[in-house]
Amino acid sequence: MVDLSDDELMLRIIRRDEAALSELYRRYGNAVYSLALRVTQGTEWAEEVTQDTFFKVWHQSERWDAQKGTLIVWLLTITRHTAIDYIRKEQRKLQVSPVALEDMAEQLGRPSTVEESSWQDRNLMIKLMTQLPTEQAETIRLAFYQGLSHSAIAETLNLPLGTVKTRMRLGLQKLKSLWLIANQHQNERN
Amino acid sequence: MTSQTNSNSTLCEEVLNLIPAYAFGTTDPEETRFVEKHLSDCPEAVAELSLYGEIRDGMLFEPPLVTAPPHLAEKIAQIPRSPKVAVQPLRPESITRPHFNVGWAAAAAVLVLFVFSNLYWFNQIQGIQAENAALLEDQRMFTAMRSGDLVETELAATDETMTDYSGSVLWKEDMQSALLRVANLPSTDEDQEYQLWLIGADHLIGVGTFRVNPDGTGVLKFESDEPFTAFSAFGITLEPAGGSPAPTTSPMLIGEISST
Chain A
42 MVDLSDDELM LRIIRRDEAA LSELYRRYGN AVYSLALRVT QGTEWAEEVT QDTFFKVWHQ
102 SERWDAQKGT LIVWLLTITR HTAIDYIRKE QRKLQVSPVA LEDMAEQLGR PSTVEESSWQ
162 DRNLMIKLMT QLPTEQAETI RLAFYQGLSH SAIAETLNLP LGTVKTRMRL GLQKLKSLWL
222 IANQHQNERN
Chain B
-13 MTSQTNSNST LCEEVLNLIP AYAFGTTDPE ETRFVEKHLS DCPEAVAELS LYGEIRDGML
47 FEPPLVTAPP HLAEKIAQIP RSPKVAVQPL RPESITRPHF NVGWAAAAAV LVLFVFSNLY
107 WFNQIQGIQA ENAALLEDQR MFTAMRSGDL VETELAATDE TMTDYSGSVL WKEDMQSALL
167 RVANLPSTDE DQEYQLWLIG ADHLIGVGTF RVNPDGTGVL KFESDEPFTA FSAFGITLEP
227 AGGSPAPTTS PMLIGEISST
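Line order of the protein sequences matches chains A and B. Just so we're aligned: 159 in our numbering is position 118 of the first sequence, and the numbers increase by one with no gaps anywhere. Just so we're aligned: 28 in our numbering is position 42 of the second sequence, and the numbers increase by one with no gaps anywhere.
If you are wondering where the hints come from, they were derived from the structure by calculation, not from laboratory data. Just so it is clear, CB atoms sit at the ideal spot from N, CA and C, and this is done for glycine as well. Do not take every clue at face value.
Simulated crosslink set (DMTMM-like; lysine to aspartate or glutamate; CA at most 25 Å straight-line) [unchecked claim]: (1) A:LYS217 x B:GLU34; (2) B:LYS61 x A:GLU89; (3) A:LYS217 x B:GLU179; (4) B:LYS61 x A:GLU103.
Covered stretches of chain B, as calculated for chain A (at least 3 residues, CB under 8 Å) [stated by the list, open to error]: (5) 11 to 22; (6) 50 to 57; (7) 194 to 208; (8) 227 to 238.
Assemble the whole structure, with the sequences as input and the hints as a guide.
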């Protein structure tokens, strides 16, 4: 089972192979839980979202389409939507915290010691986000992790709507530039 | 021709400016409609959307990686043996009953009026459906409901953090139509609706979607080809607008169906 590719693993899940679901969790459970924790900022909620995510994968596995992207992105996209639905249902006003991500990880859970090379390859975003001005990064995170619109972010941060739109636009433009440069370097190394 | 080209160029520039926010889902509904209407006419914007889509996906990997609690693995392994509906087991002792507060009392009063005032019922249905055939059917339903043996199934929150949410279903064993009312539910986003489900031991049926008023109240008249007693519970979930073929979220309200 451990030798199966992600695509092969999903085919097994579609065929109702229960062991394949456990293998999927072994591979990506920490990633799902970490994202759920980031969105909900609560360990119990993160557990529920993680369960709900794998529940959806099991019962709606036929929706998986290898042509549309990687399995981990599909899985984390489901996680993000599920987690945002949870916090919306609760109408929880999560505190906007200036806490560094590393500190937050310590607060919310033990850093993973699992070797997850795929994660290491993809966590470029951690570095890029630290290069943005704090207020721009904060705006982007509120939009992405809490699913807030410009208006909702303005309300949350008690800022004029125009300020929020500007921060969002400038932040994403800078992120795009950094992303393109990083990928160019990556391609040159390869 | 030139003025048309300039107009299209200006339009595409506007679309392009909205792409970052659109990709991250922060555009207002009007902006979203604008982008979706003109996107296909603006190749540069399509390319930009693809790039921002990659960046958005990259954000999925930003959270620091932490280890999930060990017991979660066992819970995940149990999923294939759990019912298809993400319904928490119907454990009466674990269901949080709504508070009997002033709001609930007022809602209950509205419910009583709703059921027992023929004129009110008539006006409501006329306003909602404005079709004579449907109106006659609803009047028939109302009359039948007044005739006795009416069952009211109370829906209770499945989570202690949702204790304000409440609802009830009025139904009869010999009728295919029933009436749901809810109170204190949060408003949904434009792309979401609440969906009511009939939950059986081995299957479930979505019987209708609805949104709530600004004060959190809502009403849904629904029908079932199968008798309500063929099911064990009513459940409400939050779903994409238009409803889902199967629930995509856990129910927030559940009411156990018991025969009269």
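Regarding the pair LYS61 of chain B and GLU89 of chain A, is the alpha-carbon distance no greater than 25 Å? 10 Å, holds
Within 8 Å of chain A (C-beta), three or more residues of the region 194 to 208 of chain B: The restraint on the region 194 to 208 of chain B is violated, since only 0 of its residues have a Cβ under 8 Å from chain A and three are required.
Regarding the pair LYS61 of chain B and GLU103 of chain A, is the alpha-carbon distance no greater than 25 Å? 22 Å, holds
Count the residues of the region 11 to 22 of chain B whose Cβ falls closer than 8 Å to any Cβ of chain A, and tell me whether that reaches three. Check passed, 4 qualifying residues.
Given the hinted pair LYS217 of chain A and GLU179 of chain B, is their alpha-carbon gap at most 25 Å? 34 Å, violated
Please verify whether LYS217 of chain A and GLU34 of chain B have alpha carbons no more than 25 Å apart. At roughly 10 Å apart (the allowed maximum being 25 Å), GLU34 of chain B and LYS217 of chain A satisfy the hint.
Would you check chain A against the region 227 to 238 of chain B, counting CB to CB pairs closer than 8 Å, and say if three or more residues qualify? Since three or more residues must qualify, the claim that chain A covers the region 227 to 238 of chain B holds, with 5 doing so at under 8 Å.
Can the region 50 to 57 of chain B be counted as covered by chain A under the rule of three residues or more with Cβ-Cβ separation shorter than 8 Å? Three-residue rule met by the region 50 to 57 of chain B, so holds; n is 6.
Comparing the model with each numbered hint stated earlier shows that hints 3 and 7 do not hold.
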